[in-house]
Amino acid sequence: MSKPILSVRNLHVKFTLRGRELHALRGIDLDVLDGESLAIVGESGSGKSVLNKNFIGLLDQNGFIPEGSIRYYGMGDKMRNYSDCAGEDENGPYVDLASFKRKDEWLRIRGSEICMIPQDPMTSLNPLKTIGWQISEALRLHHGMTGRMAKEETLRILQDVRIDNPERRFKQYPHELSGGMRQRVVIAIAIACQPRILICDEPTTALDVTIQAQVLTLLRELKEKYSLTIIFITHDLGVVANIADRVAVMYAGDIVELGLVNEIFYEPKHPYTWALLSSLPQLGNRGEDLYAIRGTPPNLFKAVQGDAFAARNPQALVIDKLEQPPYFEVSPTHKARTWLLDPRAPKVEPPAVIAKLKELGGAHHGE
Amino acid sequence: MANDNRDIILSVRDLQVTFGSHRHPFKAVKGVSFDVRKGETFGIVGESGSGKTTIGRAIIRVYPASGGSIRFHGQEITGRISRQLDREITNKIQMIFQDPMASLNERAKIDYIVSEGLLGRGLKRQEIRQRVDEALNAVGLLPEFATRFPHEFSGGQRQRIGIARALVMNPEFIIADEPISALDVSIRAQVLNLMSKLQKERGLTYLFISHDLSVMKFICDRIAVVHKGLIVELADADTLFRHPLHPYTRALLSAIPQPNPDAEKHKVLEIYDPTAHHYQNDPPAMVEIEPGHLLFCNRAEMDAAHERLAKGES
Numbered sequence: 225m226s227k228p229i230l231s232v233r234n235l236h237v238k239f240t241l242r243g244r245e246l247h248a249l250r251g252i253d254l255d256v257l258d259g260e261s262l263a264i265v266g267e268s269g270s271g272k273s274v275l276n277k278n279f280i281g282l283l284d285q286n287g288f289i290p291e292g293s294i295r296y297y298g299m300g301d302k303m304r305n306y307s308d309c310a311g312e313d314e315n316g317p318y319v320d321l322a323s324f325k326r327k328d329e330w331l332r333i334r335g336s337e338i339c340m341i342p343q344d345p346m347t348s349l350n351p352l353k354t355i356g357w358q359i360s361e362a363l364r365l366h367h368g369m370t371g372r373m374a375k376e377e378t379l380r381i382l383q384d385v386r387i388d389n390p391e392r393r394f395k396q397y398p399h400e401l402s403g404g405m406r407q408r409v410v411i412a413i414a415i416a417c418q419p420r421i422l423i424c425d426e427p428t429t430a431l432d433v434t435i436q437a438q439v440l441t442l443l444r445e446l447k448e449k450y451s452l453t454i455i456f457i458t459h460d461l462g463v464v465a466n467i468a469d470r471v472a473v474m475y476a477g478d479i480v481e482l483g484l485v486n487e488i489f490y491e492p493k494h495p496y497t498w499a500l501l502s503s504l505p506q507l508g509n510r511g512e513d514l515y516a517i518r519g520t521p522p523n524l525f526k527a528v529q530g531d532a533f534a535a536r537n538p539q540a541l542v543i544d545k546l547e548q549p550p551y552f553e554v555s556p557t558h559k560a561r562t563w564l565l566d567p568r569a570p571k572v573e574p575p576a577v578i579a580k581l582k583e584l585g586g587a588h589h590g591e
Numbered sequence: 002m003a004n005d006n007r008d009i010i011l012s013v014r015d016l017q018v019t020f021g022s023h024r025h026p027f028k029a030v031k032g033v034s035f036d037v038r039k040g041e042t043f044g045i046v047g048e049s050g051s052g053k054t055t056i057g058r059a060i061i062r063v064y065p066a067s068g069g070s071i072r073f074h075g076q077e078i079t080g081r082i083s084r085q086l087d088r089e090i091t092n093k094i095q096m097i098f099q100d101p102m103a104s105l106n107e108r109a110k111i112d113y114i115v116s117e118g119l120l121g122r123g124l125k126r127q128e129i130r131q132r133v134d135e136a137l138n139a140v141g142l143l144p145e146f147a148t149r150f151p152h153e154f155s156g157g158q159r160q161r162i163g164i165a166r167a168l169v170m171n172p173e174f175i176i177a178d179e180p181i182s183a184l185d186v187s188i189r190a191q192v193l194n195l196m197s198k199l200q201k202e203r204g205l206t207y208l209f210i211s212h213d214l215s216v217m218k219f220i221c222d223r224i225a226v227v228h229k230g231l232i233v234e235l236a237d238a239d240t241l242f243r244h245p246l247h248p249y250t251r252a253l254l255s256a257i258p259q260p261n262p263d264a265e266k267h268k269v270l271e272i273y274d275p276t277a278h279h280y281q282n283d284p285p286a287m288v289e290i291e292p293g294h295l296l297f298c299n300r301a302e303m304d305a306a307h308e309r310l311a312k313g314e315s
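Protein chains in written order, with the working numbering: chain A, 225 to 591; chain B, 2 to 315.
Worth double-checking, as some hints may not be accurate.
[Stated by the list, open to error] Under the rule of at most 30 Å between Cα atoms (straight-line distance), these lysine-lysine pairs were calculated in the DSSO-like manner:
| hint | chain 1 | residue 1 | chain 2 | residue 2 |
| --- | --- | --- | --- | --- |
| 1 | A | Lys447 | B | Lys266 |
| 2 | A | Lys353 | A | Lys227 |
| 3 | A | Lys526 | A | Lys580 |
| 4 | B | Lys229 | A | Lys395 |
| 5 | A | Lys580 | B | Lys110 |
| 6 | A | Lys277 | A | Lys302 |
| 7 | A | Lys580 | B | Lys39 |
| 8 | B | Lys28 | A | Lys395 |
| 9 | A | Lys580 | B | Lys312 |
| 10 | A | Lys449 | A | Lys375 |
| 11 | A | Lys447 | B | Lys268 |
| 12 | A | Lys447 | A | Lys327 |
| 13 | B | Lys266 | A | Lys580 |
| 14 | B | Lys201 | A | Lys227 |
| 15 | B | Lys229 | A | Lys582 |
| 16 | A | Lys449 | A | Lys395 |
| 17 | B | Lys229 | B | Lys93 |
| 18 | B | Lys266 | A | Lys449 |
| 19 | A | Lys447 | A | Lys227 |
| 20 | B | Lys268 | A | Lys582 |
| 21 | B | Lys93 | A | Lys580 |
| 22 | B | Lys39 | B | Lys198 |
| 23 | A | Lys353 | A | Lys395 |
| 24 | B | Lys110 | B | Lys93 |
| 25 | B | Lys110 | A | Lys526 |
| 26 | B | Lys268 | A | Lys449 |
| 27 | A | Lys447 | A | Lys526 |
[What the hints assert, rightly or not] Here are some, though not all, of the chain B residues that point toward chain A, as calculated from beta-carbon distances under 10 Å:
| hint | residue |
| --- | --- |
| 28 | Pro65 |
| 29 | Ser67 |
| 30 | Ala103 |
No wet-lab data here; the hints were simulated from the structure.
Nothing here was measured: the structure is a model prediction, and the numbers come from that model.
Each residue gets a CB set at the ideal place from its N, CA and C atoms; glycine is no exception.
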């Protein structure tokens with residue numbers, strides 16, 4: 225197992241809204257390993273985007289971190305002289321992103337170390353500047369490249385993201401490109417900074433299925449070529465199966481299950497993961513109802529008691545409503561926060577769809 | 002194909018829709034023909050820009066058709082029609098929109114949004130109120146929600162409001178344009194279930210427009226694949242998934258993300274190359290390759306398709 229590049233410990237995030245506090249993240253523990261692609265899955269409002277905004281210092285104005293640390297190991301000793309937040313632990317020298325105070329500290333991280341691809345390629349490009357200008361801007365700011373050198377590098381990156389005829393595209397404006405092409409340009413801008421970590425916030429939801437598949441293939445290629453670590457935020461488990469090495473399932477500001485991609489799909493343990501998988505139309509049969517999760521996520525203005533998913537789980541145990549379950553280890557790489565894994569718990573069978581998935585996986589192994 | 006004999010509710014023949022000026026016309030739909038039978042869910046699938054939404058909007062008379070005919074219950078509904086027929090059609094054909102955030106008037110309360118279609122028809126206030134309550138009830142919303150504003154609802158609830166707004170007219174035929182694309186996966190299931198429940202209870206017919214074939218397989222009886230304003234393949238859902246014949250359909254199918262990591266790792270993406278066809282000397286046409294399975298192809302491709310079917314290849 226490779227070393228963590230980013231290590232989140234007991235991270236809490238709160239937002240002040242109209243005099244009340246919303247507890248958006250409730251004690252996240254997560255290691256992002258160097259060179260992996262980690263998918264973070266959850267419904268809207270589960271806190272998956274909030275978590276990632278912490279990594280690039282883009283938390284909204286009314287948000288704050290009352291507790292917790294985010295240690296970034298990718299910079300070695302470089303931050304020692306700039307920041308009071310630098311230190312060293314068993315994984316090597318780090319900077320603690322959670323305790324950054326100044327803007328210039330973030331400027332050394334954002335873009336050049338950790339970079340984010342936003343959700344909507346239509347709104348994230350400047351409509352008044354050419355594609356070439358926007359990509360070389362990143363080169364200019366982060367690598368001090370100018371003139372012909374910047375242009376040549378830009379053309380090379382355009383080729384890397386599989387945009388045909390880069391010379392022509394260089395002079396074009398965003399409105400002249402299709403949605404898929406624009407997303408490639410956004411990826412090109414991110415790659416131009418040569419970051420260590422690339423955060424992709426639902427980069428394919430606005431795209432057609434065919435284009436989505438192509439963009440995912442591209443991301444996989446780039447990950448190899450630039451030895452990136454990818455954090456992939458999505459609510460679509462189909463996409464996760466394609467790109468992820470590991471999966472973290474988030475619910476109501478907490479990670480409820482974490483494991484290798486095969487463990488999450490073939491051996492899921494948490495009822496919420498079961499519910500998410502069961503509600504996929506790919507696995508449904510026509511004429512029958514799809515499994516739908518009842519109710520709504522808990523109100524995070526109030527303190528959550530017990531297992532946050534208990535209220536929507538028809539098979540919830542009594543203890544689920546009283547006490548928050550700890551993480552139970554299923555394998556060294558797989559853990560889940562559910563009382564069902566306690567040795568004293570009654571045996572609850574996962575829904576039939578999960579067995580079907582396992583069969584599908586097994587069938588493929590047999591080939 | 003046991004339900005072949007059901008009544009045809011909507012019949013589209015050689016439909017064309019053209020945008021732009023006379024000097025620079027742009028043909029968004031270039032001659033599309035299909036029938037929708039009563040009580041079925043007919044799917045139109047295609048990428049953005051394929052003209053799938055335009056077909057839906059031409060049926061509901063938002064865009065004028067520049068050629069061809071659309072018959073609803075055997076009655077021509079394109080071009081100039083009487084006011085009475087126009088009103089009848091707006092009652093019987095309703096639409097559900099893609100984005101529940103954008104398609105609801107944010108300054109109006111739910112009872113107004115849902116009742117809007119009933120206004121100006123000489124109905125008593127009491128009657129309108131009752132029909133609104135019925136519609137809200139049918140989509141699983143509480144009657145007290147009627148006095149709230151759209152922003153007070155979650156995405157799934159808003160889409161239910163959009164469905165209630167269509168239902169209040171007591172339609173026979175509903176055009177659903179990407180009704181679940183903007184929703185979370187868990188809420189998608191709720192909306193899909195609701196749609197099929199309403200279909201069973203009220204005998205509705207759906208025209209389901211989407212770019213996502215995985216959802217189509219789950220909900221549609223028959224699927225038409227649209228590419229650049231033309232139907233390239235039309236078959237019932239199972240046939241289409243079992244042996245897709247047109248290269249574009251195959252490309253779409255190969256792109257569906259499967260919730261199966263092992264299969265995804267070995268997936269081969271098929272990419273459709275429109276230049277691979279040789280249509281100069283041998284122009285293509287719609288051909289029925291097997292019963293109920295139509296393919297847009299020329300002679301050479303037809304032979305290849307027959308061969309493929311005979312071999313039983315997928």
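Verification of the supplied hints:
Taking the CA atoms of lysine 447/A and lysine 266/B, the gap is near 15 Å; set against the 30 Å cutoff, the hint holds. Distance hint between lysine 353/A and lysine 227/A is unfulfilled; the C-alpha atoms sit about 40 Å from each other, more than 30 Å. About 38 Å separates the Cα atoms of lysine 526/A and lysine 580/A, which puts this hinted pair outside 30 Å; it is violated. For the given pair, lysine 229/B sits about 27 Å from lysine 395/A by alpha-carbon distance, which is consistent with the 30 Å threshold.
Distance hint between lysine 580/A and lysine 110/B is unfulfilled; the C-alpha atoms sit about 44 Å from each other, more than 30 Å. A C-alpha spacing of about 23 Å is found between lysine 277/A and lysine 302/A, which places the hinted pair at or below 30 Å, so the restraint holds. Under the criterion of a C-alpha separation no larger than 30 Å, the hint pairing lysine 580/A with lysine 39/B is inconsistent with the structure, at around 34 Å. In summary, the hint linking lysine 28/B to lysine 395/A is supported, as the alpha carbons are separated by about 29 Å, within the 30 Å threshold.
A distance of roughly 29 Å separates the Cα atoms of lysine 580/A and lysine 312/B; the hinted pair therefore holds under the 30 Å criterion. For the given pair, lysine 449/A sits about 21 Å from lysine 375/A by alpha-carbon distance, which is consistent with the 30 Å threshold. Restraint check for lysine 447/A and lysine 268/B: the C-alpha separation of about 18 Å stays at or below 30 Å, so the hint holds. Distance check on the hinted pair: lysine 447/A and lysine 327/A sit about 29 Å apart at the alpha-carbon level, within 30 Å; holds.
Proposed proximity of lysine 266/B and lysine 580/A is supported: the alpha carbons are some 19 Å apart, at most 30 Å. For the suggested pair lysine 201/B and lysine 227/A, the alpha carbons sit about 55 Å apart, so the restraint of at most 30 Å is broken. Simply put, lysine 229/B and lysine 582/A have alpha-carbon atoms about 39 Å apart, too far for the 30 Å limit, and the pair is violated. With a CA separation close to 26 Å, the supplied pair lysine 449/A and lysine 395/A stays within the 30 Å bound.
For the proposed pair lysine 229/B and lysine 93/B, the alpha carbon gap of about 29 Å is at most 30 Å, so the pair holds. Restraint check for lysine 266/B and lysine 449/A: satisfied, since their Cα atoms lie roughly 18 Å apart, inside the 30 Å limit. At most 30 Å may separate the alpha-carbon atoms for a hinted pair to count; lysine 447/A and lysine 227/A meet this at roughly 17 Å. Taking the CA atoms of lysine 268/B and lysine 582/A, the gap is near 18 Å; set against the 30 Å cutoff, the hint holds.
Proximity of lysine 93/B to lysine 580/A is assessed by CA-CA distance (about 41 Å); at most 30 Å being required, the pair is judged violated. With a C-alpha separation of about 16 Å, the suggested pair lysine 39/B and lysine 198/B falls inside the 30 Å cut-off, and the hint holds. Using a Cα cut-off of 30 Å, the hinted pair lysine 353/A and lysine 395/A holds, with the two alpha carbons roughly 9 Å apart. The suggested pairing of lysine 110/B with lysine 93/B holds, with an alpha-carbon distance near 24 Å, which does not exceed 30 Å.
For a cut-off of 30 Å, the pair hint linking lysine 110/B to lysine 526/A stands: about 28 Å separates their Cα positions. Restraint check: the Cα-Cα separation between lysine 268/B and lysine 449/A comes to about 20 Å, which is no more than 30 Å; the hinted pair holds. A threshold of 30 Å between alpha carbons decides the hint, and for lysine 447/A with lysine 526/A the separation of about 40 Å lies outside it, so the pair is violated. At about 27 Å, the closest approach between the beta carbon of proline 65/B and any beta carbon in chain A exceeds 10 Å, and the interface hint on this residue is violated.
Because the smallest distance between the Cβ of serine 67/B and any Cβ of chain A comes to about 25 Å, over 10 Å, the interface hint for this residue is violated. Because the beta carbon of alanine 103/B sits about 14 Å from the nearest beta carbon in chain A, more than 10 Å, this interface hint is broken.
In this structure, the hints that do not hold are numbers 2, 3, 5, 7, 14, 15, 21, 27, 28, 29 and 30, in rising order.
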